[in-house]
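A.B. asks: Residue numbers (the numbering used here), protein chains in the order written: chain A, 4 to 221; chain B, 4 to 221; chain C, 9 to 241; chain D, 9 to 241.
There could be a bad hint or two in this list.
As the list claims (entries may be wrong) - As a list, the in silico DSS-like pairs of lysine-lysine whose alpha-carbon atoms are at most 27 angstroms apart:
#1 C/K83 <-> A/K127
#2 C/K142 <-> A/K127
#3 B/K124 <-> D/K83
#4 D/K169 <-> C/K169
#5 B/K127 <-> D/K83
#6 D/K52 <-> D/K169
#7 A/K127 <-> C/K56
#8 D/K235 <-> B/K124
#9 A/K124 <-> C/K82
#10 B/K127 <-> D/K51
#11 B/K124 <-> D/K142
#12 C/K194 <-> B/K184
#13 B/K172 <-> C/K194
#14 A/K127 <-> C/K51
#15 C/K169 <-> C/K51
#16 B/K127 <-> D/K142
#17 C/K194 <-> C/K169
#18 A/K124 <-> C/K235
#19 B/K127 <-> D/K82
#20 D/K231 <-> D/K82
#21 B/K127 <-> D/K235
#22 D/K56 <-> D/K231
#23 A/K160 <-> C/K142
#24 A/K127 <-> C/K231
#25 D/K83 <-> D/K56
#26 A/K172 <-> D/K194
#27 D/K194 <-> A/K184
#28 C/K231 <-> C/K51
#29 C/K169 <-> C/K24
#30 C/K82 <-> A/K127
#31 B/K124 <-> D/K82
#32 D/K56 <-> B/K127
#33 C/K235 <-> A/K127
#34 B/K127 <-> D/K231
#35 A/K124 <-> C/K83
#36 A/K124 <-> C/K142
#37 D/K51 <-> D/K194
#38 A/K151 <-> A/K127
#39 D/K142 <-> B/K160
#40 D/K142 <-> C/K142
It should be emphasised that the hints constitute simulated quantities derived from the structure, not laboratory data. None of these values were measured; they are calculated from a predicted model.
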Amino acid sequence: MSLSRDQIAQRVARELEDGYYVNLGIGIPTLVANYVPDGMEVMLQSENGLLGMGQFPTEAEIDADMINAGKQTVTTVTGASIFSSAESFAMIRGGHVDLTVLGAFEVDQNGNIASYMIPGKLIKGMGGAMDLVAGADNIIVTMTHASKHGESKLLEKCTLPLTGVSCIKKVITDLALLEIKDGAFHLLERAPGISVEEIVEKTAGKLVVPDNVPEMAF
Amino acid sequence: MSLSRDQIAQRVARELEDGYYVNLGIGIPTLVANYVPDGMEVMLQSENGLLGMGQFPTEAEIDADMINAGKQTVTTVTGASIFSSAESFAMIRGGHVDLTVLGAFEVDQNGNIASYMIPGKLIKGMGGAMDLVAGADNIIVTMTHASKHGESKLLEKCTLPLTGVSCIKKVITDLALLEIKDGAFHLLERAPGISVEEIVEKTAGKLVVPDNVPEMAF
Amino acid sequence: MAGFDKVVASYDDALKGLEDGMTIIAGGFGLCGIPEGSIAQIKKMGTKDLTIVSNNCGVDGFGLGILLEDRQVKKMISSYVGENALFEQQLLAGELEVELTPQGTLAEKMRAGGAGIPAFFTATGVGTPVAEGKETREFNGREYLMEESITGDFAIVKAWKADRYGNAIYRHTAMNFNPMAATAGKITIMEVEEIVEPGELNPSEIQTQGIYVDRLIQGTFEKRIEKRTTREA
Amino acid sequence: MAGFDKVVASYDDALKGLEDGMTIIAGGFGLCGIPEGSIAQIKKMGTKDLTIVSNNCGVDGFGLGILLEDRQVKKMISSYVGENALFEQQLLAGELEVELTPQGTLAEKMRAGGAGIPAFFTATGVGTPVAEGKETREFNGREYLMEESITGDFAIVKAWKADRYGNAIYRHTAMNFNPMAATAGKITIMEVEEIVEPGELNPSEIQTQGIYVDRLIQGTFEKRIEKRTTREA
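With the hints as extra help, turn the sequences into a complete structure.
C.D. replies: So this is what it looks like as structure tokens:
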């Protein structure tokens with residue numbers, strides 16, 4: 004069965020390491036915070052100027068001056084710091100964030116990503132996504148493997164305007180975990196009960212399948 | 004008689020305006036702080052990261068962590084702020100300082116200044132001088148009009164390595180106040196008892212002398 | 009104004025000199041830390057053909073969004089403008105221009121503008137629509153875009169507390185773009201929740217130095233929340 | 009190291025991995041706010057052929073000046089080096105290189121290095137010896153120099169207080185170059201007067217965020233004064 008949003012987040016969480024500074028995008032990436040392994044500490048960076056984002060506030064704690072990059076009201080963890088947008092993107096652009104997790108519309112076999120704009124529909128803007136993909140060495144994209152209409156989102160070449168070029172090395176979809184290198188997707192793990200054939204069928208870009216593709220366990 | 008160091012500073016001080024943020028270089032410029040007109044407020048910027056520099060500390064107040072750009076122990080005035088070197092030069096480079104007063108070895112009729120290096124002697128370095136002359140619209144150079152050997156320091160063209168080009172518009176020497184524009188020094192005032200002839204003789208660069216050159220009064 | 013006292017009595021005084029066609033740099037992220045009073049004053053003045061540099065354009069009926077109602081804005085330079093139906097309408101009708109700028113590049117453009125740096129290089133946006141028409145250049149084997157800095161005729165910012173000299177501190181994440189915006193205006197207007205006397209703020213804790221601030225005004229703030237998310241107590 | 013605790017027990021641990029030929033970025037201005045303990049450790053280690061990026065090179069017998077005694081420094085990148093006889097001697101003897109860099113450009117090079125900006129333009133130094141071999145370019149009718157950023161294998165900085173996560177504040181003008189230096193090292197070593205627990209510093213008052221700090225050590229500081237100037241009490 005294909006992974007739920009929470010299972011995707013759970014699988015992403017296994018990529019965390021103790022002491023990581025992590026930026027989580029809106030949507031599935033946000034859920035990763037719920038699955039940090041016991042005994043491991045990670046610190047969440049929010050690009051509006053917060054390092055050490057905590058959980059949502061209680062009604063009593065709510066404060067209009069304390070929000071995250073998704074404009075949600077949040078709290079801080081012990082040891083947090085708050086700073087300007089310029090400082091925040093100095094951290095991001097300068098490669099100081101250890102891991103960035105974000106969603107995408109499309110990813111291609113050369114590590115290009117399209118995630119901010121669908122021509123013809125409203126142009127909402129890239130926010131911090133372009134800075135995040137340009138600044139991080141370690142980026143995980145979470146997305147569904149194919150659209151509702153069954154069209155692959157793992158392409159030979161992105162069709163939508165790009166957010167970044169040659170920057171994505173790892174993709175976790177509802178069907179599989181894949182690495183991008185040498186101009187191809189490399190299938191590393193498959194979702195429980197999902198066949199290699201289904202993944203092959205739903206991957207439009209070049210896909211390298213090893214002899215043994217372990218199933219994820221939850 | 005030629006102006007004393009304190010008289011030069013005193014004359015510079017007449018160029019101050021209420022509410023000016025001012026950077027004073029080492030030497031004569033430092034003395035300007037002693038001659039701020041009554042009822043006028045100026046705030047001194049020190050490029051190591053201090054806006055609102057105060058007087059020297061008493062023995063009891065002395066603090067190794069509170070110095071100025073000349074590495075002297077200082078104090079702060081009420082309403083001072085302290086910041087990083089990057090922020091300090093953002094202020095300077097960004098043109099936010101209203102007036103910069105600094106010394107020089109040579110100035111020429113095109114507003115070039117040489118103030119940081121004499122080849123063959125030790126190279127001490129430019130410190131913040133190059134940033135100051137590039138960042139300020141309003142710069143006053145204080146210097147002796149000629150060397151001890153009588154050689155003019157107001158030249159057609161600087162001979163020493165430059166600190167900045169086309170940036171100096173006003174020079175106050177021990178003999179005169181001059182404006183630099185249109186490729187010439189323009190004599191505006193002379194020191195008490197100093198003849199126009201002496202100034203002409205000691206100015207190597209092109210000098211424009213108006214019919215009437217008022218004498219400074221102290 | 010005597011000495012360094014930057015306090016003005018009214019928003020009329022604060023925005024004096026704002027004219028049609030000018031560029032305004034605004035602090036704030038979403039509806040957090042926005043200069044509510046200056047925005048209201050600009051609406052009241054009815055100034056037109058404005059270019060506004062701000063990460064977002066508010067929402068329908070609040071924040072910079074209210075300046076769209078009377079078509080006061082000619083152009084927005086922003087990173088994210090997706091919370092505003094009127095914005096969309098005017099954009100699609102060709103009544104509004106938008107220059108989408110990555111958030112980090114936008115923050116850096118403001119900082120550079122205030123710091124006398126006319127341009128800088130960044131990897132952000134290389135190979136994307138943001139790179140169109142821009143020079144690229146390789147450093148250490150990687151390609152970078154040249155981005156030019158931004159300055160404004162006016163900057164409008166919101167801080168928490170400031171002394172009369174304009175030395176200011178921000179409250180929590182309401183800091184965001186405000187410190188950079190404050191440096192990048194020819195005239196910088198700062199509105200604050202509380203004005204204190206010089207000396208009340210610790211010199212080392214000041215986040216915007218008074219040298220950047222031209223006019224200081226005490227405001228009142230609605231502080232509308234865009235996405236109210238809570239947990240059980 | 010567990011989680012975000014950056015504290016190391018000794019300067020041996022702090023400078024581990026420093027090798028001959030590496031580049032070190034050092035905070036401090038004159039003798040103010042310099043990382044005394046790290047400098048002493050480098051002298052003890054005897055590491056050679058170092059390139060050191062620091063506004064000054066200390067004085068004879070104190071600060072970075074002590075690294076000249078055993079000829080550990082190959083090259084200094086500084087704005088002002090005029091307080092040191094041994095420095096002069098080695099420079100004239102051709103045993104030491106110096107790259108004089110305007111103070112503001114030096115600060116910005118460090119900041120840019122830490123912020124992922126490979127180069128920027130500044131008017132500082134145009135038409136002077138600093139411009140030799142550098143590209144210039146016109147923006148809005150004025151000529152600017154392109155300056156490249158600086159990063160180091162190590163950064164050594166000194167703060168006042170930091171929590172175990174490396175969130176730090178500086179004391180008075182001992183801040184100077186330290187915040188930028190802290191961002192520009194592949195490995196950043198911060199020495200402080202006092203280590204506190206996370207949560208003890210106000211999040212909004214933190215001046216260097218822990219994300220930039222790799223190793224944190226509590227030091228003791230002589231804090232020598234270079235020019236002791238006083239007034240009558």
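A.B. asks: If a hint holds in the structure, say so; if it doesn't, say that too.
C.D. replies: Against the structure, the hints come out as follows:
| no. | hint | in the structure |
| --- | --- | --- |
| 1 | C/K83 <-> A/K127 | 15 angstroms, holds |
| 2 | C/K142 <-> A/K127 | 22 angstroms, holds |
| 3 | B/K124 <-> D/K83 | 20 angstroms, holds |
| 4 | D/K169 <-> C/K169 | 24 angstroms, holds |
| 5 | B/K127 <-> D/K83 | 15 angstroms, holds |
| 6 | D/K52 <-> D/K169 | 25 angstroms, holds |
| 7 | A/K127 <-> C/K56 | 24 angstroms, holds |
| 8 | D/K235 <-> B/K124 | 23 angstroms, holds |
| 9 | A/K124 <-> C/K82 | 21 angstroms, holds |
| 10 | B/K127 <-> D/K51 | 24 angstroms, holds |
| 11 | B/K124 <-> D/K142 | 25 angstroms, holds |
| 12 | C/K194 <-> B/K184 | 26 angstroms, holds |
| 13 | B/K172 <-> C/K194 | 22 angstroms, holds |
| 14 | A/K127 <-> C/K51 | 24 angstroms, holds |
| 15 | C/K169 <-> C/K51 | 25 angstroms, holds |
| 16 | B/K127 <-> D/K142 | 22 angstroms, holds |
| 17 | C/K194 <-> C/K169 | 22 angstroms, holds |
| 18 | A/K124 <-> C/K235 | 23 angstroms, holds |
| 19 | B/K127 <-> D/K82 | 18 angstroms, holds |
| 20 | D/K231 <-> D/K82 | 26 angstroms, holds |
| 21 | B/K127 <-> D/K235 | 17 angstroms, holds |
| 22 | D/K56 <-> D/K231 | 26 angstroms, holds |
| 23 | A/K160 <-> C/K142 | 23 angstroms, holds |
| 24 | A/K127 <-> C/K231 | 23 angstroms, holds |
| 25 | D/K83 <-> D/K56 | 11 angstroms, holds |
| 26 | A/K172 <-> D/K194 | 22 angstroms, holds |
| 27 | D/K194 <-> A/K184 | 26 angstroms, holds |
| 28 | C/K231 <-> C/K51 | 18 angstroms, holds |
| 29 | C/K169 <-> C/K24 | 23 angstroms, holds |
| 30 | C/K82 <-> A/K127 | 18 angstroms, holds |
| 31 | B/K124 <-> D/K82 | 21 angstroms, holds |
| 32 | D/K56 <-> B/K127 | 24 angstroms, holds |
| 33 | C/K235 <-> A/K127 | 17 angstroms, holds |
| 34 | B/K127 <-> D/K231 | 23 angstroms, holds |
| 35 | A/K124 <-> C/K83 | 20 angstroms, holds |
| 36 | A/K124 <-> C/K142 | 25 angstroms, holds |
| 37 | D/K51 <-> D/K194 | 21 angstroms, holds |
| 38 | A/K151 <-> A/K127 | 22 angstroms, holds |
| 39 | D/K142 <-> B/K160 | 23 angstroms, holds |
| 40 | D/K142 <-> C/K142 | 21 angstroms, holds |
In summary, this structure violates none of the numbered hints.
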